[in-house]
Amino acid sequence: MTDRNRKTGWFFAAPLVVVLIPFFIATIAVVLIASFLEHDGFGGMIASFTLENYADLLRSDLTWKLYLSMVKFSVLTWIGTLVIGFWVAYFLVFHVRNPLLSIGLFLLGTVPFWTSNIIRMISWIPLLGKEGLINSTLRATGVIDEPLEFLLFSDFAVVVAYVHQLTIFMIVPIFNSMARIDKRTIEAALDAGATRSEIMRWIVVPLSKSGIALGSIFVLSMVMGDFFVVKVMSGGGSASIVSALFEDIAVLQYPPAAANAVVLLIVVVVVISLILRTVDVRKEITR
Amino acid sequence: MSNSTPHRRIRTLDEPGKPWTFWVLLAVFVAYVLALYGPMFCIYILSFQDLRGGLVFPMKGLSVHWFVDLFTQVRTGDVKGGFQRSIVLAAMVTVLTVVGSFMAGMAFRQRFKGDTVVFYLMIGSLVAPGLVLGIGIGMLFQYFGIEAAWYSSALGAHLSWTLPFGVLVMFAVMARFDRAWEEAARDLGASSWQVIRMVVIPILAPGLVAVALFGFTLSYDEFSRSLQTSGSLNTLPLEIWSMTLNVTSPSLYALGTVTTIASFLIIGLCLGLIAYLQRRRARRVAGA
Amino acid sequence: MTIEKGDIELAGVFKRFGNFTAVDGVNLKVPDGAYCCFLGPSGCGKTTILRMIAGHEDPTEGEILIGGQNVVGMPPVQRRTAMMFQSYALFPHLSVRDNVAFALRVRGQSKQERYRAADSMLERVHITELADRLPGQLSGGQQQRVALARAAITEPKVLLLDEPLSALDEQLRIQMRTELRRMQRDLGITFIHVTHTQLEAISLADIVVVMERGKIKQAAPARDVYAQPKDRYVAEFLGGQNVLSGKVERINGETVLINAPDTEGIVVPLRDGMRPRDGAAVDIAVRRDDIRLRRPAAGAAADGWNAVNTRVLAVEYQGMYVKVILDSGSDREFVAYVPEREFFETAFSIGEIVVATWMAGQSLLLA
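Protein chains in written order, with our numbering: chain A, 1 to 287; chain B, 1001 to 1288; chain C, 2001 to 2367.
Next comes chain A alone, as it looks inside the complex (with noise of 0.2 Å):
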């Protein structure tokens, strides 16, 4: 039995290890050789050993400079998400009655799903800008005098963007955990004469825990590894990790920026870590 199960295991595995071995085994491999080699300034490597790429990057204030606005943006991108979808989730499971509805109305908040990150990311361009939409509103109702600058080209707008594209991987986990939570626990609950704020601390918290650490795992891990937000919303003002390593590799210097990469794949590898400590997600999602 146990042998069968071995076989059958590994049998059904195998499509997913052959894309893990070349595309995420062997590439990681190739990133951490890269970042000990030495480079000649044009696109070369050479074989060598040496930890000047990683001495330089740790004594660059730009580095910490930028760790810490990642640590910004996903702390204020985690919480935008984590409120929103989590309150979104629940109003479809428990408070729309009519399955067929709460589907309907999900589906709705995943559509914009299925169009371009970058366009739905430029598309507050119109609305956030100098003379856009709410400007242009609020001036012409008189509230302000001057355009508020901070909309756009900003910190307020990196996060408004972050948060309009990731929600979606906040509430797909969320709902699908709460939905598998059993109303009569609730019922019974309410019976034993549970107030909405007990019920939601003992119940409905424990139980959609999994949904809200897997939704946390791609928030975070989309955040931390952001390319383009940051550099488009915020204006050319602030920049992420991974577009600065970018930098690096559009001028060929490739061992510095693998050493970049390592760095910030421990960081992420770290906080994910601490997240699945928290919750056993296979165990939770395969039950």
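Treat the hints loosely; a few may be bogus.
What the hints assert, rightly or not - Keeping only pairs whose Cα atoms sit at most 27 Å apart, straight-line, the calculated BS3-like set for lysine-lysine is:
1. K7(A) to K1113(B)
2. K209(A) to K72(A)
3. K130(A) to K1060(B)
4. K65(A) to K231(A)
5. K72(A) to K183(A)
6. K2215(C) to K2029(C)
7. K2230(C) to K2247(C)
8. K2215(C) to K2230(C)
9. K183(A) to K1018(B)
Just so you know, the hints here were simulated from the structure itself, not pulled from any lab data.
Assemble chains B and C onto chain A, guided by the hints.
Below, chains B and C without anything else, positioned relative to chain A:
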């Protein structure tokens, strides 16, 4: 039974009248949907301006000038080619993702030696920054002297992201799958392959459709992973990206409108096909 | 060689899952065409035995013979067994007809052929009108009939039923019980039925197999396990018995004299093969409906009757009889079922001191 017991008010979920939280959350939901669609509708509208049109409101004129511009101007790049490549690539990714996720989902239902390693590698592949993987894959191909192309290196780069995603969706889908169905089928004499073909796949079909939709959109939209892996020919998101950098006319918005329509057509076509197949099955069941 | 008969033999069957022994050395013979019920609490190994007979699980040790052939390692179909799963496991995407015809589709029969067979099967279980429905549109009882038809279409020699009635409500359960027995007689094949409800087992089965922790405690006709339980576990699990503990005072030829903590001189007949030592602790069983209650004033008990002084703790009216709960001096239940008319002739009140008596020959020494 005595009547003297005081009546305790029993609250249930089906209490008539909505609680105040319903209205608050309805407001949250509506605000969310508006914020989701609002900006996009702005650019759809703005893409129909005429020659004088700019990037912001108010609307100047009404024409399809910028759509014509999009497909005729050299500076807007190879939108049509990018679009075709992206569709083909997304289709390939979709098929491979559905097959791979389905199989991996089957694999992870039981424990097998090394399953935890595979699982965490998969999570790693899911969370790794896309551009980093793209750069690595680019270097890997360079090292082996293989030319990077959208149908090889970019395909692999996309799969390194859509496949783990699809497997997670599969997990959620399979959590609702009762293994007794498989045993019942085996009990009735079905071979392993017959069990999969006649019982597992048909029952999981809606979940597999969900995996397909995810696979398609994730690939069709993928930018970071394509940047260093698609070789000399661009996919659509790369075209869009270079347009955002170079083009400051409503052409950009026209592209947004066109890609949105295209993805809706594709999704609609898929869903229509599913509805048709289901109706046919229902008819077969009813009229046998 | 194909299996032609549905007699089953389990010989030294063990099943271990890691450190846990689910089935612990089981030996059993079930004749062809018998209705056999495995009875026991959840986790006692009864379902594991069923699944091993079905071929969904292999024994760690031992042989399973069907029709005289060792079937260990054989796929289910070759064993000529069919299983009805606990929640029926009907294929949700297939109509009732397609569900029933599934086994024939797997064998590659043409649609026409298999639908004809399925329709005649549906007729036998009286659900012809449901043929085009999907399982989701059926009631529990209807689903059970479909499951039965789907299993029976393979013309098995043994039908294995895993808690087949547990998903139904009380009324339907009694109705389907009768139906199962009728089907078994119609088909003339061996039924192995797993349940945790005693009433279900003794009302249906030719042979009741009582299990505890992977072991068979008693395998016998329904009346035997109920009226002649072998040990305390069987007596208590089947219910209907009072179990008393005491020490052997001495053995007098065919009977044993036993002293309980607050009663002396209880006489119990010796049972075949049992010969407890003097002073040994033993359990005895007395059927609840064999107990007669009387007031102490009514004088000493007649010869050949045992008597225990006790007190009425509670009275429950049950319709046909009255359940009188007596003080056993311990936390063990001591109950008398008094026929309804008889009870109301004397009408004992709660707290009253009474004497519980029974004929010595009706009590039972337990292993």
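Next item on the list: Starting from K65(A), check that the Cα of K231(A) is at most 27 Å away, please.
Entry: 15 Å, holds
Item checked: Given pair status - K2230(C), K2215(C), alpha carbons within 27 Å -> With a Cα-Cα distance of about 14 Å, the restraint between K2215(C) and K2230(C) holds, given a limit of 27 Å.
Check: K209(A) and K72(A): Cα distance at most 27 Å?
Finding: 24 Å, holds
Note to self: For a C-alpha distance cap of 27 Å, please report whether K130(A) and K1060(B) respect it.
What the structure shows: 18 Å, holds
Next item on the list: Could you grab the alpha-carbon distance between K2215(C) and K2029(C) and see if it respects the 27 Å cut-off?
Entry: 15 Å, holds
Notebook entry, point to check: Between K7(A) and K1113(B), is the straight-line Cα distance small enough, at 27 Å or below?
Noted result: 9 Å, holds
Check: Within a Cα-Cα threshold of 27 Å, do K72(A) and K183(A) meet the stated pairing?
Finding: Violated, at about 38 Å.
Notebook entry, point to check: Between K2230(C) and K2247(C), is the straight-line Cα distance small enough, at 27 Å or below?
Noted result: 18 Å, holds
Margin query: Need the status of pair K183(A), K1018(B): alpha-carbon distance at most 27 Å?
Written below: Given pair K183(A), K1018(B) holds - Cα atoms ~17 Å apart, limit 27 Å.
Consistency with the previously given hints fails for number 5 only.
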